[in-house]
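Counting from 1, position 37 in the sequence shown corresponds to residue 1060 in our numbering; the numbering is continuous, with no gaps.
Rather than coming from a laboratory, the hints here were simulated on the basis of the structure. Check the hints yourself; a few may be wrong.
To be verified - Computed Cβ-Cβ distance ranges for the label pairs, DEER-style: (1) 1343 <-> 1121: 43 to 51 Å; (2) 1485 <-> 1436: 17 to 25 Å; (3) 1290 <-> 1124: 53 to 61 Å; (4) 1140 <-> 1171: 33 to 41 Å; (5) 1513 <-> 1070: 52 to 60 Å; (6) 1070 <-> 1139: 21 to 29 Å; (7) 1290 <-> 1182: 31 to 39 Å; (8) 1281 <-> 1220: 18 to 26 Å; (9) 1374 <-> 1281: 38 to 46 Å; (10) 1123 <-> 1282: 42 to 50 Å.
All C-beta atoms, glycine included, are put in the ideal place defined by N, C-alpha and C.
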Amino acid sequence: MTEPVSGRQPVLALLMRLLLAAVLVLPVFGAQAGVVFTTLYSFTGTNDGAFPYAGLVQGNDGYFYGTTSAGGTNGAGTVFKISTKGVLTSLYAFGSITNEAGVALDGANPWGLVQSSDGYLYGTTYSGGTNGTVFGGYGTVFRINTNGALTILYSFTGTNEGAYPYAGLVQGSDGSFYGTTSRGGTNEDGTVFKMSTNGALATLYDFGTVTDTYGSPLDGASPYAGLVQGNDGYFYGTTAGGGTNRGSGTVFKISTNGLFSSLYSFTGGNDGAYPEAGLVQGSDGNFYGTTSWDGTNSIGTVFRISTNGALTSLYSFINGTGSQANGLVQGSDGNLYGTTCVDGYYFEFEQVFSYGAGTVFKISTNGAYTSLYSFDTDNGTNGANPQAGLVQGSDGNFYGTTSSGGTFTNQFGQGCGTIFRLTIVPEPQLSIIPSGPYVILTWPTNAFVFTLQSSTSLDSSASWSTNSLAPVVIGGQNVVINPISGTQMFFRLSQ
1024 MTEPVSGRQP
1034 VLALLMRLLL
1044 AAVLVLPVFG
1054 AQAGVVFTTL
1064 YSFTGTNDGA
1074 FPYAGLVQGN
1084 DGYFYGTTSA
1094 GGTNGAGTVF
1104 KISTKGVLTS
1114 LYAFGSITNE
1124 AGVALDGANP
1134 WGLVQSSDGY
1144 LYGTTYSGGT
1154 NGTVFGGYGT
1164 VFRINTNGAL
1174 TILYSFTGTN
1184 EGAYPYAGLV
1194 QGSDGSFYGT
1204 TSRGGTNEDG
1214 TVFKMSTNGA
1224 LATLYDFGTV
1234 TDTYGSPLDG
1244 ASPYAGLVQG
1254 NDGYFYGTTA
1264 GGGTNRGSGT
1274 VFKISTNGLF
1284 SSLYSFTGGN
1294 DGAYPEAGLV
1304 QGSDGNFYGT
1314 TSWDGTNSIG
1324 TVFRISTNGA
1334 LTSLYSFING
1344 TGSQANGLVQ
1354 GSDGNLYGTT
1364 CVDGYYFEFE
1374 QVFSYGAGTV
1384 FKISTNGAYT
1394 SLYSFDTDNG
1404 TNGANPQAGL
1414 VQGSDGNFYG
1424 TTSSGGTFTN
1434 QFGQGCGTIF
1444 RLTIVPEPQL
1454 SIIPSGPYVI
1464 LTWPTNAFVF
1474 TLQSSTSLDS
1484 SASWSTNSLA
1494 PVVIGGQNVV
1504 INPISGTQMF
1514 FRLSQ
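Generate coordinates for the entire structure from the input sequences, incorporating the hints supplied.
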């Protein structure tokens, strides 16, 4: 039902008459897209966990699943699920099974999750497990269902098959899981491995197999990030060290049977150095990633690389707008979205110091960069220092974690981390249709962070005020039928 306006005929009828009578449609005016940031949950550092270093994954039940690297009942980290409304449930506390030395045989310090085609969630822990317990264990691979029943599939031995997996897994098109270890292997430079759903593990590649005369790994070393399977069937990844240029890191690809190719070695110059995050394949077939250091301003880059290794630096981070970037995700609008752990670096007495609580940004595939949110805005109460990238939910919003900050602190005064949601409000278009003594103004209802304002002048000293008439929603549009007073009137949407 429509409501009458000041005793006149119903709005819809008036609108239709005015639209039919309108003879002039003014140009459509745009406003800058808006961002709504929401903290969904602040970890307390107790049974719910603390310091979520990994990102989230949305399950087929609509919940988001993730891990905390510490906290929980036993202090060794947790697996949790959270609804889009911020209701969090702890599913499992690592360290529930220990030996006499207190080592977590079921794993400790978990990383990211992936939901398999069988409905289970699979992940890794950086330490713990049944091997190397004198040193706290070399890490595990585990499976957990959505109710929290956990099974340890594999415990790394720290020898030929690797140690300390620093990232989660990816399920290949063949049903197997693929991942990396940051250390271990034949050459102690890390590995790429393949694992079946029942825990049968095979090492596909040992980094450090190709070296120079000094023993430096030309094929890369220390893969801190996980893998992504390209549409050509190969898996693509990065190493934070090694390569042919001063150990500045590499990009590589590997087949399901271990055929390895080094695609690019970073120089430590304008192309960046030390890629610690993984890659994402864009809709254009290229891969996109970040480096944590160097570039034009020495604090990291965003790059694009083709499947044959042709690399283009798209953006060099600038102090104050972001640094130490994490992985990227391509949004449904075609842009790439990511986070930075800090805002920048400064140098003092030959030492390097980081500052700032981090940012959320977007970047187009041709390098147009926009900073969307700064965690410094809320003095850490909305989280700080995100260590992982974002995931776009089925509702179109982006979800992520911060490794610190939030409203709860531990005994050292350190924030225990948060889960957040970022809503991108599309760039609204304000249409102005004059009709006799009225002007009809329309703009989309999804531009809910914008307010219609009016002024009688466009001078720099002009006074803009919220329009007195409230909009009526008709067909997904906000509609205002505004009487024209005076000789001129101007309208805008303001965030």
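Here's how the hints hold up against the structure:
no., hint, in the structure
1, 1343 <-> 1121: 43 to 51 Å, "holds (45 Å)"
2, 1485 <-> 1436: 17 to 25 Å, "violated (47 Å)"
3, 1290 <-> 1124: 53 to 61 Å, "violated (45 Å)"
4, 1140 <-> 1171: 33 to 41 Å, "violated (20 Å)"
5, 1513 <-> 1070: 52 to 60 Å, "holds (56 Å)"
6, 1070 <-> 1139: 21 to 29 Å, "holds (27 Å)"
7, 1290 <-> 1182: 31 to 39 Å, "holds (33 Å)"
8, 1281 <-> 1220: 18 to 26 Å, "holds (20 Å)"
9, 1374 <-> 1281: 38 to 46 Å, "holds (42 Å)"
10, 1123 <-> 1282: 42 to 50 Å, "holds (44 Å)"
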